[in-house]
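Student: Sequence:
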Amino acid sequence: MKKGELYSRLRKTYIIFICTFDPFDKNFTKYTFSSRCHEDCGLSLDDDVYKIFLNTQGDRHQVSKSLANLMDYINNNEPNDDFTRSLQEEVELQRDDDGKRALYMTYNQTLMEMEEKGKIKGREEGRAEGRAELAKAIKKIMENMKLPADKAMEMMGIAKEEYPKYMTLL
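The sequence shown begins at 22 in the working numbering and counts up by one.
The reader is advised that the hints may include incorrect statements.
Pairs of lysine-lysine residues, derived as DSSO-like cross-links and limited to a Cα-Cα distance of at most 27 angstroms, are as follows [stated by the list, open to error]:
| no. | residue 1 | residue 2 |
| --- | --- | --- |
| 1 | Lys160 | Lys186 |
| 2 | Lys157 | Lys181 |
| 3 | Lys86 | Lys47 |
| 4 | Lys160 | Lys172 |
| 5 | Lys181 | Lys167 |
| 6 | Lys160 | Lys181 |
Estimated spans, in silico, between C-beta atoms of each pair [claimed, not checked]:
| no. | residue 1 | residue 2 | range |
| --- | --- | --- | --- |
| 7 | Gly63 | Met176 | 50 to 58 angstroms |
| 8 | Lys51 | Lys186 | 46 to 54 angstroms |
| 9 | Thr127 | Asp46 | 35 to 43 angstroms |
| 10 | Gly120 | Lys181 | 54 to 62 angstroms |
| 11 | Gln78 | Met176 | 31 to 39 angstroms |
| 12 | Gly151 | Phe38 | 30 to 38 angstroms |
| 13 | Gln115 | Met188 | 53 to 61 angstroms |
| 14 | Leu108 | Ala149 | 26 to 34 angstroms |
| 15 | Asn165 | Glu60 | 12 to 20 angstroms |
| 16 | Asp67 | Met188 | 53 to 61 angstroms |
| 17 | Leu191 | Arg81 | 55 to 63 angstroms |
| 18 | Asn165 | Phe38 | 49 to 57 angstroms |
Just so you know, these hints were derived from the structure itself, not from any lab.
From a predicted model like this one, the values you see are computed outputs, not experimental measurements.
For glycine and all other residues, C-beta sits at the position ideal for the given N, C-alpha and C.
Use the sequences and the hints to build the structure in full.
Tutor: Okay, here's the thing in structure tokens:
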């Protein structure tokens, strides 16, 4: 396959992220990226894949009036042109559909449960990492001061009921 043949077969692709914050702290309303090689910035794929980040808080002077209206609509849910009015009508239509509302609520509940499980897992992993780091410090104290494990843990202010957890890590 010759250079460019693969890309001529692919369709132009846009991946759009709508953010209610500025993801890159440059105050742009729109950030557009295309495929570049990380190791050699002069090398690009020319694959017509674009990633666009829309910042609803960005400077409106950089974008078209219709995009500015859309960003304003996302921020305050007040339609201010034909497109945002039609979008508002569709949103209301979807909200009023009981079947879709139930599906959305179930989906939203699933997302919240997944998020909570992720938080719990993250806390557990963080605690395990913290205990491992503390165990390293206990070992250093034991080696440097020639102390038994319980004395080293006592010096570090670890509660006695926590000793068995750290003993398994030493």
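Student: Run every hint past the structure and note whether it holds.
Tutor: Checked hints:
Distance check on the hinted pair: lysine 160 and lysine 186 sit about 14 angstroms apart at the alpha-carbon level, within 27 angstroms; holds. A C-alpha spacing of about 18 angstroms is found between lysine 157 and lysine 181, which places the hinted pair at or below 27 angstroms, so the restraint holds. Restraint check: the Cα-Cα separation between lysine 86 and lysine 47 comes to about 20 angstroms, which is no more than 27 angstroms; the hinted pair holds. Taking the CA atoms of lysine 160 and lysine 172, the gap is near 11 angstroms; set against the 27 angstroms cutoff, the hint holds.
For a cut-off of 27 angstroms, the pair hint linking lysine 181 to lysine 167 stands: about 20 angstroms separates their Cα positions. Simply put, lysine 160 and lysine 181 have alpha-carbon atoms about 17 angstroms apart, close enough for the 27 angstroms limit, and the pair holds. Between glycine 63 and methionine 176 the C-beta distance comes to about 56 angstroms, which sits within the given range of 50 to 58 angstroms. The hinted window of 46 to 54 angstroms between lysine 51 and lysine 186 holds, with their beta carbons roughly 51 angstroms apart.
At about 36 angstroms, the beta-carbon gap between threonine 127 and aspartate 46 stays in the expected band of 35 to 43 angstroms. Between glycine 120 and lysine 181 the CB atoms are about 58 angstroms apart, so this pair conforms to the stated range of 54 to 62 angstroms. At about 50 angstroms, the beta-carbon gap between glutamine 78 and methionine 176 misses the expected band of 31 to 39 angstroms. For glycine 151 paired with phenylalanine 38, a C-beta distance near 33 angstroms keeps the hint of 30 to 38 angstroms intact.
The hinted window of 53 to 61 angstroms between glutamine 115 and methionine 188 holds, with their beta carbons roughly 57 angstroms apart. Range check, leucine 108 to alanine 149: Cβ separation about 46 angstroms, and the 26 to 34 angstroms hint is violated. Evaluation of the 12 to 20 angstroms hint for asparagine 165 and glutamate 60 yields a failure: the beta carbon distance comes to about 44 angstroms. Our hint of 53 to 61 angstroms for aspartate 67 and methionine 188 holds, since their Cβ atoms are close to 59 angstroms apart.
At about 60 angstroms, the beta-carbon gap between leucine 191 and arginine 81 stays in the expected band of 55 to 63 angstroms. Distance hint check for asparagine 165 and phenylalanine 38: the Cβ-Cβ separation is about 51 angstroms, which falls inside the suggested range of 49 to 57 angstroms.
When each numbered hint is compared with the structure, violations occur for hints 11, 14 and 15.
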